[in-house]
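Asker: Going down the list, the sequences are from chains V and H.
If you read the first sequence in the numbering used here, its first letter stands for residue 51, the second for the next number, and so on.
If you read the second sequence in the numbering used here, its first letter stands for residue 26, the second for the next number, and so on.
Everything labelled a hint here was simulated from the structure, so no lab data went into it.
Here a beta-carbon is modelled for each residue, glycine too, at the ideal position from N, C-alpha and C.
Where hints are given, some of them may not hold.
[Said to hold, decoys possible] Only pairs whose alpha carbons sit at most 25 Å apart, straight line, appear in this in silico DSS-like list of lysine-lysine: (1) V:356 / H:222; (2) H:66 / H:197; (3) H:28 / V:399; (4) H:66 / V:356; (5) V:356 / H:102; (6) H:156 / H:122; (7) H:121 / H:156; (8) V:356 / H:237; (9) H:28 / V:189; (10) H:641 / H:559; (11) H:156 / H:66; (12) H:28 / V:401.
[Unchecked claim] If you anchor each label on the Cβ, the simulated ranges turn out as follows: (13) V:240 / H:41: 15 to 21 Å; (14) H:36 / V:240: 18 to 24 Å; (15) V:214 / H:241: 42 to 48 Å; (16) H:308 / V:348: 49 to 55 Å; (17) H:128 / V:214: 36 to 42 Å; (18) H:41 / V:214: 19 to 25 Å; (19) V:183 / H:53: 50 to 56 Å.
[Stated by the list, open to error] To be clear about the criterion: a stretch of chain V counts as covered by chain H if any three or more of its residues have a C-beta under 8 Å from a C-beta of chain H, and this derived list gives those stretches: (20) 348 to 359; (21) 389 to 401.
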Amino acid sequence: MSSGSRSVGSFDWALILIYLALISIGWLSIYSASYNPNADTFFSLENLHFKQLIWIALGFAIITFILFLDTKFFERFSSIIYVISIISLILLFPLGKNINGATSWFAFGSFTLQPSEFAKVATALALAKYLSDIQTNIKTVRDQLRAFAIIAIPALVIIPQPDPGSALVYAAFFFPLYREGIATGYLILGASVITLFVLTLLFGPLYIALGVVAIAILLFLKNRKKRPSKLLYLGIVLACSLFTFSVNYIFENVFQQRHRDRFNIVLGKEADTQSIGYNTRQSEIAIGNGGWTGQGFLQGTQTTGKFVPAQDTDYIFSSVGEEWGFLGSAVVILLFILLILRIIQLSEKQKNEFSRIYGYSVAGILFVHFTVNIGMVTGLLPTIGIPLPFFSYGGSGFWGFTILLFIFIKLDGNRVNEW
Amino acid sequence: MRKLLLLTIVLSTGLLFIGRLFYLQIYDTSASALSENNAIKAEYDIPQRGRIYDRNRNLLVSNQPSYDLMVIPREVKPFDTLALCNLLSITPEKLKKELKRARVYSPRLPSVIVPTMSQGEYAYLGEQMRKYEGFFIQKRSLRDYQIDFGANFLGYIQEVNQGIIKRDEYYKMGDLIGRQGVEQQYEEVLRGKKGVKYLQKDRFNRVIGPYKDGILDIEPEEGKNIQLTIDATLQKYGEELMINKRGGIVAIEPATGEILALVAAPNYDPALLVGRERSKNYTQLDADSIAKPLFDRVLQGEYPPGSPFKALTSLIGLQEGVVNLNDKVYCNGGYRYGGKKPLGCHHHKSPVQLISGIAHSCNSYFATVYRNTIDKYDTPQEGIEVWKKHLESFGLGNFMGYDLPIGRKGLVPSSTYYNRTYNYPKYRWGTTATISNAIGQGEVLMTPMQMVNFTAAIANRGWFYKPHIIKSISETDTIYSKYREKHITTIDPAYFEPVVQGLNDVYNYGTANFLKIPGIDICGKTGTAENYTKINGTTTQLTDHSVFVAFAPKDDPKIAIAVFVENGYWGSRFGGRIASIMIEKYLKGEVTRKDLETWVLTHSLEDEYKKPLEGKPFPINDGKKISAKFLAEENQDL
Chain V
51 MSSGSRSVGS FDWALILIYL ALISIGWLSI YSASYNPNAD TFFSLENLHF
101 KQLIWIALGF AIITFILFLD TKFFERFSSI IYVISIISLI LLFPLGKNIN
151 GATSWFAFGS FTLQPSEFAK VATALALAKY LSDIQTNIKT VRDQLRAFAI
201 IAIPALVIIP QPDPGSALVY AAFFFPLYRE GIATGYLILG ASVITLFVLT
251 LLFGPLYIAL GVVAIAILLF LKNRKKRPSK LLYLGIVLAC SLFTFSVNYI
301 FENVFQQRHR DRFNIVLGKE ADTQSIGYNT RQSEIAIGNG GWTGQGFLQG
351 TQTTGKFVPA QDTDYIFSSV GEEWGFLGSA VVILLFILLI LRIIQLSEKQ
401 KNEFSRIYGY SVAGILFVHF TVNIGMVTGL LPTIGIPLPF FSYGGSGFWG
451 FTILLFIFIK LDGNRVNEW
Chain H
26 MRKLLLLTIV LSTGLLFIGR LFYLQIYDTS ASALSENNAI KAEYDIPQRG
76 RIYDRNRNLL VSNQPSYDLM VIPREVKPFD TLALCNLLSI TPEKLKKELK
126 RARVYSPRLP SVIVPTMSQG EYAYLGEQMR KYEGFFIQKR SLRDYQIDFG
176 ANFLGYIQEV NQGIIKRDEY YKMGDLIGRQ GVEQQYEEVL RGKKGVKYLQ
226 KDRFNRVIGP YKDGILDIEP EEGKNIQLTI DATLQKYGEE LMINKRGGIV
276 AIEPATGEIL ALVAAPNYDP ALLVGRERSK NYTQLDADSI AKPLFDRVLQ
326 GEYPPGSPFK ALTSLIGLQE GVVNLNDKVY CNGGYRYGGK KPLGCHHHKS
376 PVQLISGIAH SCNSYFATVY RNTIDKYDTP QEGIEVWKKH LESFGLGNFM
426 GYDLPIGRKG LVPSSTYYNR TYNYPKYRWG TTATISNAIG QGEVLMTPMQ
476 MVNFTAAIAN RGWFYKPHII KSISETDTIY SKYREKHITT IDPAYFEPVV
526 QGLNDVYNYG TANFLKIPGI DICGKTGTAE NYTKINGTTT QLTDHSVFVA
576 FAPKDDPKIA IAVFVENGYW GSRFGGRIAS IMIEKYLKGE VTRKDLETWV
626 LTHSLEDEYK KPLEGKPFPI NDGKKISAKF LAEENQDL
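Same shape as in the complex, but just chain V (with noise of 0.2 Å):
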């Protein structure tokens, strides 16, 4: 039986669905930050929310096409995604334009395509693709060594455009890699780091190693039946308090002032509102604005007098937060969590490791933009710039997630007649 030719029926309706209300609230906040009530008329490339409905438009084409695919081709063509995917992006370096600082699109004409949207797409098929194969092990360090490479190249192509948050999302690769069994000891390590880096930035490198050396001492006497090695102790707070001090160098050396910044007002250290901080102070003034059930479709004062910068894009959800209030905010943050849930468990039913390590891929992934944005439009993070998914303006974006989420689909209705 040909996997092109099933009945629709079969595709997940609970993604479908969740996809097309978020696409739906998604064009409704665009229009409300894009509004301008002296427009003349609708139908009008000059205004961002009739461009999106194209996008929208073109990408249901797109659906429609994944759809039609035969499943095995993602699976048989990942690997020359994957390279053209990559040389795309190695392209944008002599022919790409720069718009707002960065070059990370490809320009025709007045269209422009961002491909590092895409290339997550492919990093996905991808690394399913390498993590699927019988003869992968990913408990040996030369395929996980592999692995890392497969995600690291787009990112560090990514990175000096410059575009560091799109290079962050690569980190999602992390799930996949964990629930295929990658050991746990990565899981600490990235953890650790990450705490190091938070707690060093917050109280400075002497402290946080004294603390290192305490709870080390602390461990060792408590295990001390066990016999632990003390080489081995030694050697974690050492390398504990080199990065806790290289944390610190890089932070005042290599970083540049405008990431201190924004590490820093997130820590608390600061509270300039005017200048650096002012887009999630604006943005927060936006939310807050919207107390329970929000000021109304077109009635938020922050968001039609354009107070938050980049609205229509990255903070997008602050006009969600002003005009639909608490109520309307929570429904969008249920059905992101709905949508990646639904999405891990489709995953964990597929009998097709491919489907299952893309699957979790699409999760993480969406998942990352999700917190990283939502996170900083809420000022619980520093300032990253990366969309909200079906959310955010832009064509790009809007279509590499539809195509990233309904491959899955795609994979998932299929998975009946695996064997």
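Since chain V is already given, all that's left is putting chain H on it; use the hints.
Answerer: Relative to chain V, chain H alone:
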């Protein structure tokens, strides 16, 4: 286990975000309060304040336009400081200081830089304003006084201070509010309601349209005009009579309780407290701790009433049934009790009965009546309480509930008051300990307003309306019901006639016989109140206060009046003269007793007021004793 990691993180992130949203949107909304909102601009439309008329529809107070230069500090762009200073005729230092003050108050909210500029200053500045971003001109209206008197009951308007802004959110920086007098009392009626338009701005501070299609906008409500019960002609005349004197005159219409005149002396021109000179002038008036022009002696001064109180002693005695009209009392220069120094009396015909007692103001007679009243009861405590209850029915000993924002309670002592004074029950006290109450020289204290009120109650033969100054408010025809409520005294109406006759005889053959006005049957009572002050810590007696109460005509009274002249010596000297010609002025519209008028206008008490300040011993009461012969001579001088 590995399956749960992402799941757990996703769920906790979701919870964290919902918690954060709750914090931002529900818990801590300080950043987004409407007034704080940087996206909304409120434009105020301040209505004209209501005009004030007198009882004969003469315009007393209207408005003149005035312009405030306002600033919103964060919208200020660099500008030519010197040029602006020249336009405003202020120094650059002053401008800098004001700008700094505004920024400290709020960078977002408007503050006043230069208040109350005139039409002329504005005309010049208006067309230049567009050069100075962040500055704008707010039109307000200031008071325009048509009269140069009446400041004490009119009050004034002033810019609201921080305290008021905090207490009442109606008021914003630079708004004006009524202070004192009717301006304060009828603030909400006079001010109307300011309108507000909320405008939506974008981040470049450009107005992009009405906020929420204007549903929150408020239309301005014009201030209502009010008509006072004051008779401007009488008020003006009263103030002229009180020049060079301290004290007050208050006249009311007994049938209605309407205040016809409320003169506090010294007074000042209400126009002094308008415009840019306001605060300077106010400070000057406030700093005058000797004449105290801001102290309203009519409403705030508490004095022993003196002899007019004898009318009340009579009424209470009659009501309690302890005195008969025919009872005679022999007066031999004083009332003797318990071997102490007698309660002295001046020389007059003896013996006296109730009516002639009032006419001659005989201390002995009223001491007898008072003593009989208190002694009717088993203990002096009981007696005092009954006496107090009668007095309270005349509106004494408490706030009167008139519609002016200041006042004093006066004092009607209770039995508890005397128990405390005499340390009862360790020591007992008897009626004679309070005997001075009989003649209004005891513990009883009254404001001139309370004195005129009991006079009106006597004129009405037993009832009064609460005195009030509001006659009507435009567009509403109801005056507050509390001024339409008859207060009936505890004295039977029948007992008033002999007392009224006695008061009439004061004019016929008594202590005010030289003050008769042809064609008007006046009832009145003189009062001479001893008073003391402290000079360098020693209590020193000053010249007596001259007190007079009166009403006229005797039947169907149209005016009741109380006059109080500080250190004016005996009652008929200043008080009586002023009362008589005020009554004539009101009832006839002109004064025929030019002799009285000239005497009052030409006699100043300034020398008397200087005495205690000169730091050397001085004679009081002109160093003379009031005798029949002296009085006859004095009155002949006229």
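Asker: State for each hint whether it applies.
Answerer: Here is how each hint holds up against the structure:
Restraint check: the Cα-Cα separation between residue 356 of chain V and residue 222 of chain H comes to about 20 Å, which is no more than 25 Å; the hinted pair holds. For the suggested pair residue 66 of chain H and residue 197 of chain H, the alpha carbons sit about 14 Å apart, so the restraint of at most 25 Å is met. The suggested pairing of residue 28 of chain H with residue 399 of chain V holds, with an alpha-carbon distance near 12 Å, which does not exceed 25 Å. Between residue 66 of chain H and residue 356 of chain V the alpha-carbon distance is near 15 Å, which keeps this suggested pair within the 25 Å criterion.
With a CA separation close to 21 Å, the supplied pair residue 356 of chain V and residue 102 of chain H stays within the 25 Å bound. Taking the CA atoms of residue 156 of chain H and residue 122 of chain H, the gap is about 21 Å. The hint holds against a cut of 25 Å. Taking the CA atoms of residue 121 of chain H and residue 156 of chain H, the gap is near 18 Å; set against the 25 Å cutoff, the hint holds. Taken as a hint, the residue 356 of chain V and residue 237 of chain H pair is honoured in the structure, with Cα atoms around 16 Å apart against an allowance of 25 Å.
Among the hinted pairs, residue 28 of chain H with residue 189 of chain V is consistent with the structure: their alpha-carbon atoms are about 17 Å apart, no more than 25 Å. Taking the CA atoms of residue 641 of chain H and residue 559 of chain H, the gap is about 13 Å. The hint holds against a cut of 25 Å. For the hint pairing residue 156 of chain H with residue 66 of chain H, the CA-to-CA distance comes to about 21 Å; that is within 25 Å, so the pair holds. Restraint check for residue 28 of chain H and residue 401 of chain V: the C-alpha separation of about 15 Å stays at or below 25 Å, so the hint holds.
Distance hint check: the CB atoms of residue 240 of chain V and residue 41 of chain H are about 19 Å apart, consistent with the given range 15 to 21 Å. Here the CB-CB span from residue 36 of chain H to residue 240 of chain V is close to 19 Å, well matched to the stated 18 to 24 Å. Taking 42 to 48 Å as the suggested C-beta distance range, the pair residue 214 of chain V and residue 241 of chain H conforms, at roughly 44 Å. For residue 308 of chain H and residue 348 of chain V, the hinted distance range of 49 to 55 Å is satisfied, since their beta carbons lie about 54 Å from each other.
Evaluation of the 36 to 42 Å hint for residue 128 of chain H and residue 214 of chain V yields a pass: the beta carbon distance comes to about 39 Å. Separation of residue 41 of chain H from residue 214 of chain V is about 24 Å and conforms to the stated range, judged on CB atoms against 19 to 25 Å. A hinted range of 50 to 56 Å holds for the C-beta pair residue 183 of chain V and residue 53 of chain H, which are about 52 Å apart. With 7 residues having a beta carbon nearer than 8 Å to a beta carbon of chain H, the region 348 to 359 of chain V meets the requirement of three or more and the stated coverage holds.
Counting residues of the region 389 to 401 of chain V whose beta carbon lies closer than 8 Å to any beta carbon of chain H gives 4, which meets the minimum of three for the stated coverage.
Figure legend: structure checked against the earlier numbered hints; every hint is met.
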